[in-house]
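**Q** Hey, can you work out the whole structure from these sequences and the hints?
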Amino acid sequence: MKTAGEIVREFWRLMASNDFHSVMAVLAPEFVLEWPQSHERIRGGERFAQMNDEYPAHGRWQFTLSRVVEDDDTVVTEVAITDGVQAATNALYAGT
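Here our numbering runs 246 ahead of the position in the sequence shown, where the first position is 1.
Treat the hints loosely; a few may be bogus.
Simulated crosslink set (EDC-like; lysine to aspartate or glutamate; CA at most 20 Å straight-line) [to be verified]:
#1 K248 x D317
#2 K248 x E300
#3 K248 x E316
#4 K248 x E276
#5 K248 x D319
Because the hints were derived from the structure by calculation, they are not lab data.
**A** Below, the structure is given as structure tokens:
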């Protein structure tokens with residue numbers, strides 16, 4: 247069985263492919279993405295993939311994993327994201 251850290255690293259590797267439907271392979275069936283800043287909630291891998299496919303971009307998305315902090319069942323990552331024009335830093339928490 248893969249560790250939480252291995253799964254999250256695979257998540258970011260798949261995100262970097264820009265094949266967002268491939269990311270569903272590492273998402274739990276009950277996956278929920280919550281963005282507290284905008285009060286958005288995306289339920290399910292299919293909706294997550296669709297949202298990423300349809301999000302306006304100026305080019306391919308690039309993901310640079312800057313930091314990983316993990317223990318047995320919790321992982322937090324810091325990732326720089328850009329499409330060559332837009333840029334953001336993302337913190338991802340994954341845990342049980």
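**Q** With reference to the structure, classify each hint as holding or not holding.
**A** So, going through the hints one by one against the coordinates:
For a cut-off of 20 Å, the pair hint linking K248 to D317 stands: about 13 Å separates their Cα positions. A distance of roughly 30 Å separates the Cα atoms of K248 and E300; the hinted pair therefore is violated under the 20 Å criterion. For the given pair, K248 sits about 13 Å from E316 by alpha-carbon distance, which is consistent with the 20 Å threshold. A threshold of 20 Å between alpha carbons decides the hint, and for K248 with E276 the separation of about 18 Å falls inside it, so the pair holds.
Simply put, K248 and D319 have alpha-carbon atoms about 11 Å apart, close enough for the 20 Å limit, and the pair holds.
Hint 2 from the earlier list is the only one contradicted by this structure; the remaining hints agree with it.
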